[in-house]
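Trainee: Chains as they are written, first to last, in my numbering: chain A, 1 to 1523; chain B, 1 to 490.
Note that these hints are calculated values from the structure, not bench results. For every residue, glycine included, the Cβ atom is placed at its ideal position computed from N, Cα and C. Any given hint could be a false lead.
[To be verified] One-sided and incomplete, this derived list gives chain A residues near chain B with beta-carbon spacing under 10 Å:
{"no.": "1", "residue": "506"}
{"no.": "2", "residue": "800"}
{"no.": "3", "residue": "818"}
{"no.": "4", "residue": "819"}
{"no.": "5", "residue": "825"}
{"no.": "6", "residue": "826"}
{"no.": "7", "residue": "835"}
{"no.": "8", "residue": "841"}
{"no.": "9", "residue": "1148"}
{"no.": "10", "residue": "1163"}
[As the list claims (entries may be wrong)] Derived pair list, reagent style SDA-like, types lysine to any residue, alpha-carbon separation capped at 20 Å:
{"no.": "11", "chain 1": "A", "residue 1": "1294", "chain 2": "A", "residue 2": "1518"}
{"no.": "12", "chain 1": "B", "residue 1": "9", "chain 2": "A", "residue 2": "1164"}
{"no.": "13", "chain 1": "B", "residue 1": "269", "chain 2": "B", "residue 2": "212"}
{"no.": "14", "chain 1": "B", "residue 1": "9", "chain 2": "A", "residue 2": "1522"}
{"no.": "15", "chain 1": "B", "residue 1": "9", "chain 2": "B", "residue 2": "73"}
{"no.": "16", "chain 1": "A", "residue 1": "735", "chain 2": "A", "residue 2": "504"}
{"no.": "17", "chain 1": "A", "residue 1": "1168", "chain 2": "A", "residue 2": "907"}
{"no.": "18", "chain 1": "B", "residue 1": "9", "chain 2": "A", "residue 2": "1163"}
{"no.": "19", "chain 1": "B", "residue 1": "9", "chain 2": "A", "residue 2": "1162"}
{"no.": "20", "chain 1": "B", "residue 1": "9", "chain 2": "A", "residue 2": "119"}
{"no.": "21", "chain 1": "A", "residue 1": "119", "chain 2": "A", "residue 2": "285"}
{"no.": "22", "chain 1": "B", "residue 1": "9", "chain 2": "A", "residue 2": "1518"}
{"no.": "23", "chain 1": "A", "residue 1": "1168", "chain 2": "A", "residue 2": "917"}
{"no.": "24", "chain 1": "A", "residue 1": "119", "chain 2": "A", "residue 2": "160"}
{"no.": "25", "chain 1": "B", "residue 1": "269", "chain 2": "B", "residue 2": "192"}
{"no.": "26", "chain 1": "B", "residue 1": "269", "chain 2": "B", "residue 2": "174"}
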Amino acid sequence: MASANLQPRRPSRRRQGLYDPAYEHDACGFAFVADLRGRRSHDIVANGLAALRRLDHRGARGAEPDTGDGAGILLQVPDAFYREVVDFPLPPSGEYATGLVFLPTAEADEARAVQVLQKYAQAEGAEILGWRDVPVEPDDLGATAEAARPRIRQLFLSAHRDGARLAGLDLDRVAFCVRKQVERETRERGVAAYFPSLSARTVVYKGMLTPQQLGSFYPDLRDPRVRSAIALVHSRFSTNTFPSWPLAHPYRFVAHNGEINTIRGNRNWMAAREALLNSHLIPGDLRRLLPVCTPGASDSANFDEVLELLHLAGRSLPHAVLMMIPEAWENDPDMDPAVRAFYRFHACLMEPWDGPAAVAFSDGTVVGAVLDRNGLRPGRWWRTSDDLVVLASEAGVLDLDPASVVAKGRLRPGRMFLVDTAAGRIVSDEEIKAELAAAHPYQEWLDAGLTHLADLPAPAHVGGRPARRGDAESLVRRQQMFGYTEEEFKLLLGPMARDGAEPVGSMGTDTPISPLSRRPRLLYDYLHQLFAQVTNPPLDAIREELVTSLSMTIGPEGNLLEPGPASCRQIVLPYPVIDNDELARILAINEDGDRPGFRAVRICGLYRVRDGAAGIRSRLVEICRRVSEVIEEGARILVLSDRGATADLAPIPSLLLTAAVHQHLVREQTRTQVALVVESGDCREVHHVAVLIGYGAAAVNPYLALESIEHMAATGALPVPPATAVRNYVTALGKGLLKIMSKMGISTVSSYCGAQVFEAIGLDPTLVERYFTGTASRIGGIGLEGIHAEVAARHARAYGADPGERAHRRLDPGGEYQWRRDGELHLFNPETVFLLQHATRSRQYEVFRRYTSTVDSLAAAGGSLRGLFQLREGVRPPVPLDEVEPASSIVRRFSTGAMSYGSISAEAHETLAIAMNRLGGRSNSGEGGEDPDRLYDPMRRSAVKQIASGRFGVTTEYLVNATDLQIKMAQGAKPGEGGQLPGAKVWPWIARTRHATPGVGLISPPPHHDIYSIEDLAQLIYDLRNVNPTARVHVKLVAEVGVGTVAAGVAKAKADVILISGHDGGTGASPLNSLKHAGAPWELGLAETQQTLLRNNLRDRVTVQVDGQLKTGRDVVVAALLGAEEYGFATAPLIVSGCVMMRVCHLDTCPVGIATQNPELRARFTGKPEFVENFFLFLAEEVREWLARLGFRSLDEAIGHAELLDVRPAVDHWKGRGLDLSALLHVPETSGPRRRTSAPRHDLDGALDHELIAACGPALADGTPVRVRRAVRNEHRSVGAMLGGEVTRRFGGKGLPDDTIEVTLHGTAGQSFGAFVPAGVTLRLYGDANDYVGKGLSGGRLVIRPDPAAPFAAEEHIIAGNTILYGATGGELYCRGRVGERFAVRNSGAVAVVEGVGDHGCEYMTGGRVVVLGPIGRNFAAGMSGGVAFVWRLDPALVNRGLVDLEPVSPSERLELRDLIERHHEETGSVVAARLLARWPAAVEEFTAVVPREYRRVTKIMQAAEAAGRDVDTAVMAEVLQG
Amino acid sequence: MADPTGFLKYPRRLPPRRPVPVRIRDWREVYPPAPDDLVREQATRCMDCGIPFCHDGCPLGNRIPDWNDLVRGGDWEAAAEVLHATNNFPEFTGRLCPAPCEAACVLGINQAPVTIKQVEVEIANRAGPPAPRPGRSRTGRRVAVVGSGPAGLAAAQQLARAGHEVTVYERDDAPGGLLRYGIPDFKLEKHHVDRRLAQLRGEGVRFETGVHVGVDLSAARLRAEHDAVLLACGALRGRDLTATPGRSLAGIHLAMEHLVAANRVVAGKAHGFPPSLDAAGRHVVIVGGGDTAADCLGVAHRQGAASVTQLDLYPRPPEERDLDRDPWPTWPWILRTYPAHEEGGERVFAVAVQAFVGDGAGRVRAVRIAEVTVARRDGRRLVTPVPGTERELRADLVLLAIGFEGTDAGPALAQLGLSVTDRGTVDCGPDWQTGADGVFVAGDMHRGASLIVWAIAEGRAAAAAIHAYLGGEGRLPAPVTPAARPLALR
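Build the full structure now, drawing on both the sequences and the hints.
Mentor: Now the structure itself:
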């Protein structure tokens, strides 16, 4: 008998099954309180703690309500207090360093850790002055936090140099040396000692605490003797529940809100730079302090470590911060040239640590905060007349007398906010930067150092340039060698060369993942793109191009810590894809001896094919040796080339070559000496370019693709001349790369280079460890043998004597995207489509079984991962079929996929809805609203209403008429991307449900602009829950490594259902690279989610749903055993409805009337709800049969029993043999339930709306007008949403007559003030508001004006936060004052007047009116396709003119504008409005109308048609389809 | 890069056939060449489907969307390259195949399918005389192919191109099998066959005509002298009505007797039609409703028949697909009107011959028919006459076109120790090898009477198997397996 473990099981952060702690994320709220004049007081500390408590909703709790994710505070060292509480003498303030130490709890361990500390203190010449036991009061800690609680002591030390006691920064450098070494050694010895801080200047108190607990746990913080002029606090929301005290913020210098998207690359590059690190300020040899970035630490911790190093080595904290988080300087024409030079110079030293990040920092004297270039985190500050400065993630965290607030503001993208307590002032962003920029003649250094690629001389002779043979046979042979297919030319290269953009496809992918394919695949195909979801946002590289950059500098780097003019002796590459001419210039860079520092060497990447895998291995060793030699000899650019293959020599895949050399150089720490340029024959798709750059290439020359395209153009296969074709193709690759980077939220190619944001699926872990170090590879796969076999197969095709190739067939047909008989396997092929349609149409279960057995055997042949599992019958005794739950109960777990009305026809959409409603399953509206006519029809409505980033048709009425609400974070076919509905598809009926204009294109942004991190998602869930408290809220995620951790976060954000989608899900339109290369199979995502939720004790509180090419009963049962309770289907029911996988959804030409709005084609729709019902009933029947055989009476019993799955004893083909799926089958040891068992835990209790609803009784009963007055605090979130939901439920979409309910509020409103408020409700706020004001506003009226006592000029100060009116469909908003970033984003009908907006105003707007009576930020009107904005004194340079024109205000608009300004004045008492009205009509000349071109065109057509008495819709569509 | 809206812009159109009064006065093909723009327009109707069912409906796996797109763009040469990559003889299939591809065309779900067959033949016509593509090296392996129909020729071509030494044995006086004397010239003029044979010869294929393996040459010896033998002798044993009273009367012939005799005359191999088989001035009754019957019909008209009546056991099929019985994309049972039907004659449905009535001089005078119902029970066909419906039809010449019962190569099979199945076919393993080592089978001899595309497909696949059997390097394309069947409900 095993000994019983009586200790409560402590979940550990060890890697197990599919769970890996490396993917934990966190996000949070932060704040600081400071006395501008540096006056220390306990009030500051108390205020810091108070602010922290008011940020509670931004943090989270684990499985237990009393275990927080982490909270902390950074203070100036409270010298007076410590002096009183220690029993040993302390040197004068500033001459001793102190800090808390988290020590092991076991006494012996603690002693060993202290020993190590003593050793290094001595070695570094520091003197331990003494220890203090830090008093703690752990009574209200949760069990998990308590179990992990370290022993907390406080260390005091001092140091001398040249007889003098060191102080301040100098002492901190010594403390740093001690600390780094102690932490490393104790960690290695398993007696980890962690120092929250160790400094003469600041001290950090933190722990695994809730914001409330921080103050009570550390009595120090409540002691009035603890005084500081600065308090920096942080509340953490992590995606897991594992105990970790060190992961709480603040770190030594920063508190961070957000993520570092580029962290992998940053860590790699830091490691590579370590060899050259040297500082005259930090004592001794730096090597003893390495690695800089603690392995396994969080992104924030690593950021802090690098920042610390830069700072201690001599840069001011602001300087170091700006170096790591530069603003978007690349595309800003208005930037001060000196500042630009500063950034450009520093770009030669270090790539950006790309957010989304808000970082607050302090060294004890200055305290500040910065937003990264995207500005995706909120930050608000205010200053009182008494020189108290508060900055926080939200407004309103301290209750200050409104009359005392003399200034307010917000953090802005790329800008810094800095308080200098020594100087006693706020230092402006401009001043900080100007001062830093003036510190050195950066521009002179750059002029001397930088060389532009275009300025390099054309090589004297065409060295290395391919002889242009025009020999078609040689071209074909080389195409064969690199596995080109006919399909690639037809669907990828041809369109790119013709149109300059990557082609779009539709429907999901149903081909095998690379390790299961029987065909040789390129190594690129084994690496799947990662993407941002929930914990960080993707970005829109098209509409927000100004923050992106494809340019980078290459060349040797110097010592990061002591830069000089030589640091920027580099070459500027404007574009990551280079043509043959540019490559020749690079190769010949020092031909004339002008650039001695820049020798370029070409490295041959061929191996003797008959030597097999061993040949590749030994060649790579040779190549790495050679590379080291040439670097030693002075080479600074390596061109890794696969040219020159022969009958004997075959190319090593470019990716392997690049990654191997990159990792070799990183290990050797010479990586920063050279740039890698790849001359590649196999690279041809955007994905290929992305992977090469992601694994270290600075630039790629896809020579064979270029040559092939030239050939196509020359032979007339393309409608453009060769030079244009090549240019288009290169452009398409670059644009595609940018889009792939954007999926991960990475803006610059220099940050993407080496960032390795990929997951390997089907590669052997040893291979990955060696050549792709740090990449996740969870199911094993091929090694060098497999890679060789694939190369050899292609090589044999090119050079072998295969007779089949001789006659006719030049290239492989392909068959990846379109089914081909001799091409790749597809699960949906002619036979399975036919059988499925016939079975469900003729209602024959036997035919259905033929369908499923055909699909299942295709799956077993490699069609899907689940095909490789065996269901273990006989483990449990079988159950008689009639004892298994009936099919009618199983079908209730089925849902159909989110397909918008718009992407598919009304006929198809309703067919699915009717079928699911009859069965008791759930259909999904998709993103596109729902016709009101259907909303109220219980048979025709969609049970699940989706909320996606475009918020099309997301009205209050839509939300209240839903059984479930689904937030789509990502979509399998194109995770991390938005969408676009071209004008020709916006037919009038589609426009109506989407609140848009017929014929005008619609854009869905890549991110939800109200979800940039996990706590934002929690807020949206809270919003939705307020509007519709009875609906389950789903969050849809896409499988990728780490999705389990995200899912845990989502569970903590209180979602009801987590949907894990496979990478193979369908779409109406997606770039082909996304269809094929982004995301992972759902089997992996689901298993990881199940395991992570179980390990975190969160599984019982959420329902897990899965979708992605589910087709058979077996699929459902596998999903159940892996942990899913509900199952979604999209492609299969569409096929049942008549779809034949045309894959032309994006063209509006669906010949069976499904994915089209064309009435002629819709008439061809033949689907019937009965067919769909048959499908699901058959499917359920098959599930029953499986359950009976496996020994389960219900699906509930089966959920999570992964042990009943077995990995097929032998995967029966050469590539699959290396696969190891056992990690998917891991069941964490936990006694908790494996499925949802508990009721949802909601948190609507604190909502102010309960009071409002109670007070509005008469109005809700019969529309009697009601007036309500209340105070409001930042903790009151989503004010008005629940009330609005109530009004809409009772009175429908039209709401109540205007002003029936008038609510007047005083104070600072929490996030989402006035969200989803319908007509008839007016909210008047005196004070200010946070982010998301008027989100989804559906007809209500919002008025915000400063508190009457406020002394400042309202129009110069911020009144409300970011992302206001997101997705509003109607209503009015008047703000007296300025607002933040992305004002009126995706507004499609609301009218608003404000007095200044931040960056990206009116982004993606499709309707409504916006009046701006003040300044605007950059990128105004990006992606704006409808509505009109009137801006006073517009600076045209700030407008993104992609879709809009700037016009004078037309006579008819003048009346409208005046009317709006009058209303604004009436409602808010605006002084600006009053002045303008006083000068009317002269003032109107100062306004500019910002009008979308297409919108204007269509409006004119409509007006003309109306005037002529013609049907408006017909007139519009006739015009649009013609144009 | 296909035009996604082509199918919405253009209706299906075929080029006009030659006028009936003109064409029945000669034996030339009934189709004049189609103009470029018509073919290109029709190719534009192709929707370039994600799952091209046509490509699956074709046993050869013709890459139909690919060549449609090339034709749309006017690149006939590239289209021919793609077409030839899967089909050895598009000039034959483009004329003779009943086009299961068109039945499977996705457009056919709700409108007229793409004129795939027309596009195919136009590509083949424009590609001009195919140039030989001999194999680059010789393997020294010898393969005998018995039978020179489409299966044998396809296999021979594939094997020769792979470098093997191939000899084709044909019992007739000229190679081509059914293509030569079975198919009338108005469907396939013989110069197409000759041109193709010249190409095969240029690729190294040798032909031994007038050699009846099993009779003139022992099959066992043939096997001994070659490294492999492929049997592709067709399924020429015509089904007969031996049990029908009066069958022994003169003037009753199997369809093939009639067709071969006529074709030999047209080919100049004989002078004048044999009087017993000449339809001139006669009242002709053709029993059977299939392709062969239609061929007899066309021949009879050209010979100058006084009247022609075609009898079909089954009721008149619907004009359009019956979705319950034959859901798309299966091959539908519909009324097929061939060019021969346009030329005259009467089609009588749901009738069966009860007896042949003599003229008293031993020659047929009439057929006695009755209306029947046909049912299927336990896989067997049950024909039940409707009482009281018997009547006589005048008939001076009766042609039985009621199908085939398998191979007639009995002697050769016996010499190889092989037997035939109940269906009269020769079985093989998944590698196309019969029970005799190194002896392979393909085409109708294996499958039973079927379509020319199946014959070519089997020939290609068997060639691949033989190549592998001979240890050849690489793999030849094999579009079908021996067990492959068209998509169907069964």
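Trainee: Provide an ascending list of the numbers of those earlier hints which the structure does not satisfy.
Mentor: Those not satisfied are hints 5, 11, 20.
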